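The whole structure should be built from the sequences, with the hints applied where relevant.
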Amino acid sequence: MFKNLKVSFFLACKSIKRSNIGTTVLTIAIMSLIFVNLIFLPSIVEGIAETIEQQARDYMYGNILIEPKEDDFYIDNVDSLQKKINSLPGVLGTAPRYMVGATFTHKDKFIGGTLHSASPADEIVVTKYHEGMISGEYLSESDTDEIIMGLDLTGEEDKEGNEADLGGVKVGDKIEVTFSNGVIKEYRLKGIFSVSKMGMDSFAFITEKEMESVLGSNNQASQILIKLNELGTEKEFKKKFMELGIKEKIKTWEEKTAGITEVVVSSFRIITLISTIVSLIIAVVVIFVIIYINTIYKRKQIGILKAIGIDQRVIIRSYILQALFYCFSGIIIGSILLWILLSYLTTNPISFPVGTIIPVIGTSLIIQSILSLLIVSLIAGFIPSWKTARESILKAIWG
Amino acid sequence: MIKVKNLKRIYHKGIVEVHALKGVSFEVKKGEFLGLMGPSGSGKSTLLHQLGLLDTPTGGEIFIDEINILKLSENEKTLFRLNQLGYVFQEYAILGELTALENVYLPLLMTGKKKKDCINLGMEMLDKVGLGERAHHLQRELSGGEQQRVAVARALVNNPKILFADEPCANLDTESSRNILELFRKLNEELGQTILMVTHEEWHKKYVDRIIYLKDGLIEKKGVQDGH
Chain A
538 MFKNLKVSFF LACKSIKRSN IGTTVLTIAI MSLIFVNLIF LPSIVEGIAE
588 TIEQQARDYM YGNILIEPKE DDFYIDNVDS LQKKINSLPG VLGTAPRYMV
638 GATFTHKDKF IGGTLHSASP ADEIVVTKYH EGMISGEYLS ESDTDEIIMG
688 LDLTGEEDKE GNEADLGGVK VGDKIEVTFS NGVIKEYRLK GIFSVSKMGM
738 DSFAFITEKE MESVLGSNNQ ASQILIKLNE LGTEKEFKKK FMELGIKEKI
788 KTWEEKTAGI TEVVVSSFRI ITLISTIVSL IIAVVVIFVI IYINTIYKRK
838 QIGILKAIGI DQRVIIRSYI LQALFYCFSG IIIGSILLWI LLSYLTTNPI
888 SFPVGTIIPV IGTSLIIQSI LSLLIVSLIA GFIPSWKTAR ESILKAIWG
Chain B
2 MIKVKNLKRI YHKGIVEVHA LKGVSFEVKK GEFLGLMGPS GSGKSTLLHQ
52 LGLLDTPTGG EIFIDEINIL KLSENEKTLF RLNQLGYVFQ EYAILGELTA
102 LENVYLPLLM TGKKKKDCIN LGMEMLDKVG LGERAHHLQR ELSGGEQQRV
152 AVARALVNNP KILFADEPCA NLDTESSRNI LELFRKLNEE LGQTILMVTH
202 EEWHKKYVDR IIYLKDGLIE KKGVQDGH
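So the protein sequences, as listed, match chains A and B. For the first sequence, our numbering gives the first residue as 538, with consecutive numbering after it. For the second sequence, our numbering gives the first residue as 2, with consecutive numbering after it.
These aren't lab readings, by the way, just hints derived from the structure by calculation. Possibly wrong hints are sitting among the right ones.
As the list claims (entries may be wrong) - In silico DSS-like links for lysine-lysine, alpha-carbon gap of 27 Å or less: (1) LYS78/B / LYS23/B; (2) LYS772/A / LYS746/A; (3) LYS78/B / LYS543/A; (4) LYS551/A / LYS115/B; (5) LYS23/B / LYS551/A; (6) LYS551/A / LYS129/B.
It should be emphasised that the depicted structure is a prediction, and the values quoted were computed from it without experimental measurement.
Dropping the structure here:
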């Protein structure tokens, strides 16, 4: 087996070494571009998915979200619940929120939306709204008559009027808020944030203290966001919370975003799948044509090899090794191209509607791409060489 | 050494049957230099192809050292060709991607020998055929005669029991042809190499021990050469 493989390797090496350099370079260039394509598009989709998930963790759910029990409107005894959760090692912080329907009015423009409460000290640990302030300031604990709003809610002054925003209100403007319980109160716009295009920029926040005074509630919340030290430990902590006797609904960010991510990336995944299939077909065709032309051109040589006692399998394997050479060279050059491309995109991320995207290349994607390219190369190398090598010796030599 | 019994080969060209060999029987002794002669289409090359396991006869038997070689499996035939037989074709059938030396030591590599040993033995063989200095030249850098000598070196490198040569001088000038034939004669006399050579040149007769004349797929006559 190995002595024969040595001969196959010898024949393949000589064939590559003494073949047309232009054809070899062109074949490797095509294979490397195919490899780039196999990795790049899925890495963008993964980047989109990861951005969505990151935003969901940073702005909407934390790592784990606690919601009221089935028939309850609010979570009760929030303080003790927070203490209980925060006492667990590995929990970074908790942020309770009230969420109420409200109408925001500025001059003649009004818009309906959801008003959240924030306990700034807690919120800063769990979410990143404070990092996304594009104008004004984030809330402080003592704020009572102040509100912060997302850019999609405030609108931009220079842009044409949008029915779904307040037409470009600025920090310092007065916003009238009509709460679902009928309370109407005027707030000063303290800050405007822009963190994501996934709906978070349509949020508005007042302090927890202010919300409780309007709602007349105390020590309650619509949800509690929990931030963990380590990503990936959510399931383990969910179990721990249940063991602590928490009866409220406990959901990990993955459970909360499963549907959303799927909706956004499913179309991209179809495009990626089509692109992958097309790439692999091109790879098959390129290698098949190269090896086929090679074997046709060297038909006589194959006949001579067989005549002098070189096993047919050795000849076939020599062509498969040539196909693998094109494949691996393509993978190596393609990896260098990808590295250059990714280095550029890391410093210059692509702007997508969901935010700025940095391609994400997972090990499984790399393995999957290498394996698929390897398999198509093996098939495309085997079929034409097998077809020619099984011809009778005399037919191969003299036609 | 070689026993051929009632060997037949029928080719099918469409609905037409071509009887290339119609029942040929003869024997070849070890160390004999046999010439196969006859007009075009007489079946000389077809006979050589059957003996050399390059083709499968329609009927008959071939024994080489008491082995019925037609009963061998395809893999066994390949190994038999590698270890027991050597070929020199009419055209310069050497591999264009390999140097003269690589062409010669390739069959040795296939036997599992170390590459270094293969190179040394290949070099020795090239020296024997007078091409030591052209060892690292590719096919396109060698003349017709040199290419044919590379083919001879390759055919002999595994010490085959029988060397088959199918009109080895057909594409060579007289001088190159004489060199090849003298090389064959030398190998036959000095090493006892059994050689079967197809030729149609009358002046080649003096190099062989015996001649079998073929005509229309049958042996017309067998003759022993004077002086051998």
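Hint-by-hint comparison with the structure:
1. LYS78/B / LYS23/B: Given pair LYS78/B, LYS23/B holds - Cα atoms ~24 Å apart, limit 27 Å.
2. LYS772/A / LYS746/A: 32 Å, violated
3. LYS78/B / LYS543/A: 21 Å, holds
4. LYS551/A / LYS115/B: 18 Å, holds
5. LYS23/B / LYS551/A: 43 Å, violated
6. LYS551/A / LYS129/B: 25 Å, holds
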